[in-house]
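> Quick note on my numbering: the sequence shown kicks off at 641 and runs consecutively.
What the hints contain is simulated information worked out from the structure, not anything from laboratory work. Mixed in with the good hints, there may be bad ones.
[To be verified] Derived CB-CB ranges, DEER-like:
hint: 1; residue 1: D836; residue 2: V650; range: 15 to 25 Å
hint: 2; residue 1: A726; residue 2: P890; range: 49 to 59 Å
hint: 3; residue 1: R715; residue 2: R868; range: 38 to 48 Å
hint: 4; residue 1: R868; residue 2: D791; range: 17 to 27 Å
hint: 5; residue 1: S818; residue 2: V789; range: 20 to 30 Å
hint: 6; residue 1: P890; residue 2: D836; range: 18 to 28 Å
Don't be surprised by glycine CBs; every beta carbon is placed ideally from N, CA and C.
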Amino acid sequence: MQFRTFSIEVDRGVATVVLRGTGGGNAMGGLVWTELPAVVAALDADEAVRAVVLRGAGECFSTGLDLRWYLPHYRRLTRHPDTLPARLLTEATAMQEAISAVAGSGLPWIAAVHGDCVGAGLDLVSACDIRLAAADASFSLREIRIGIVADLGSLQRLPHIVGAAATREFALTGRDISAGEALARGLVTRVLPDLDALVEDATGVAARIAAYAPATVAGVKSVLDRTRDMSVAEGLRHVALWNAAFLPHPALPDLLASALRSSTNGGTDD
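Sequences and hints are given; from them, build the entire structure.
Rendered as structure tokens:
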């Protein structure tokens, strides 16, 4: 799998995806938005991959949208004012779909964030299943500072992660959020002392998940996603239907027997 704005290495079921971007600080320009959905599709199609770690190259995760790409690109679009709104809508939709490809992947994605994670970078990590951070990580929903309403997913996904009130504060102030505050808010589940510890921990989390049955992992993701806006009763019905449809398989008795052998109490239900 060869890409210009991402590098990928696969080891024992874990794919490490490194965002390199199109500009300094792993800024995300035109080619990123073309390659990102292709990266997701390639990993989803690779039976050797069972979990993904996503991180940034160099000193940070990402400084966000590549303004050195976007500014001249926008100026070219403004030469045709009659079609400008339609073109902007088409391009925003394509970038939204690129990030949504991560959220919709059948694989679990673990974001390992160090340094700056700004704007589109925060949009991207908010689409991941698990987020871990180094102590030097700094997050910012910074679009308001440059006169843009954040439109790539943070306003939609962050309320489910950190809550509606915190999302409103982050979006309306555009302030920086430290790793410690990100942990307290629930944006990340763990803070590690440095990049090496972060990568080791993220890889360990991915390896643990990769050891489980892929269909079960995909099922957990699907049920969590589909029942997010359901009532408890609706969600329980959905997961019961899921297991009724997908639980019966030839390997299940062996898996249950293995769990029984490793259990400390050995209890069973008829």
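> Indicate, hint by hint, whether the structure satisfies it.
Hint check:
1. D836 x V650: 15 to 25 Å: Since D836 and V650 have Cβ atoms about 20 Å apart, the given range 15 to 25 Å holds.
2. A726 x P890: 49 to 59 Å: Check passed, 53 Å falls within 49 to 59 Å.
3. R715 x R868: 38 to 48 Å: 39 Å, holds
4. R868 x D791: 17 to 27 Å: 21 Å, holds
5. S818 x V789: 20 to 30 Å: Given range 20 to 30 Å: holds, Cβ gap about 25 Å.
6. P890 x D836: 18 to 28 Å: 42 Å, violated
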